[in-house]
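Trainee: Here are the chains, one letter per residue:
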Amino acid sequence: GAVVSQHPSRVICKSGTSVKIECRSLDFQATTMFWYRQFPKQSLMLMATSNEGSKATYEQGVEKDKFLINHASLTLSTLTVTSAHPEDSSFYICSARLTTPVTNTGELFFGEGSRLTVL
Amino acid sequence: AQSVAQPEDQVNVAEGNPLTVKCTYSVSGNPYLFWYVQYPNRGLQFLLKYITGDNLVKGSYGFEAEFNKSQTSFHLKKPSALVSDSALYFCAVRDRDRDDKIIFGKGTRLHILP
Chain A
735 GAVVSQHPSR VICKSGTSVK IECRSLDFQA TTMFWYRQFP KQSLMLMATS NEGSKATYEQ
795 GVEKDKFLIN HASLTLSTLT VTSAHPEDSS FYICSARLTT PVTNTGELFF GEGSRLTVL
Chain B
86 AQSVAQPEDQ VNVAEGNPLT VKCTYSVSGN PYLFWYVQYP NRGLQFLLKY ITGDNLVKGS
146 YGFEAEFNKS QTSFHLKKPS ALVSDSALYF CAVRDRDRDD KIIFGKGTRL HILP
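Quick note, the sequences are listed as chains A and B, same order.
Quick note on my numbering: the first sequence kicks off at 735 and runs consecutively.
Quick note on my numbering: the second sequence kicks off at 86 and runs consecutively.
Please keep in mind that the hints were generated in silico from the structure rather than gathered at the bench.
By construction, the Cβ of each residue, glycine as well, lies at the ideal position given by its N, Cα and C atoms.
You may find that some hints are simply not true.
Here are some chain A residues pointing at chain B (derived, C-beta under 8 angstroms) [what the hints assert, rightly or not]:
| hint | residue |
| --- | --- |
| 1 | Q740 |
| 2 | R758 |
| 3 | L778 |
| 4 | S823 |
| 5 | I827 |
| 6 | L842 |
| 7 | F843 |
| 8 | F844 |
| 9 | G845 |
| 10 | E846 |
| 11 | G847 |
All chains should be built: construct the whole structure from the sequences, respecting the hints.
Mentor: Now the structure itself:
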């Protein structure tokens, strides 16, 4: 259980175009999803918290107009990188929080990541 | 504010030897603690968690971790390392009494030498 699917796994786009990445929780409902960015040999940088049915909460320094997040259902969150530039090239990873009625430990389950390359 | 420290960027261990990946944390309340593993170009996989109770937690792939409240540590261990254990390991903490976020350490790269 607790499978998170992320698509696409790799995407190459031209500078100035927009790219959408999808994150789905396959066997559970996730009211909260998280988007991370990971640079080579570096840790995860939390970009934003995606809440179903409401606006995403962005971390300091993350441009909300550039990284559009939509969480339209309990199983799907999308990240759209708008007007992409080469410096946006990175590994983007989504995660969904699993909360059970018994324990509220809220551990995260991660998608496989999306490697974005902007030419 | 909560934080996680992984003091080692890289750990090298010979195959068959025991391994330890260190993690210390800081929270104002009581912690939930987690370990995740990441293989190249993949997402993170959940290994194990500490909620409450027994300080020694057993997880996937033969890994275990020991919660030490007095030392605020949650070191990851395995009695006998495999080459396939080579990966990037992340420790994470969530303050069960306060903030809702899970905070990750910077990661430790584990190299198991054949």
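Trainee: Each of the hints needs a verdict: does it hold here or not?
Mentor: Quick rundown of the hints versus the structure:
no.	hint	verdict
1	Q740	holds, 7 angstroms
2	R758	violated, 13 angstroms
3	L778	holds, 5 angstroms
4	S823	violated, 14 angstroms
5	I827	holds, 5 angstroms
6	L842	holds, 6 angstroms
7	F843	holds, 6 angstroms
8	F844	holds, 4 angstroms
9	G845	holds, 5 angstroms
10	E846	holds, 4 angstroms
11	G847	holds, 5 angstroms
When each numbered hint is compared with the structure, violations occur for hints 2 and 4.
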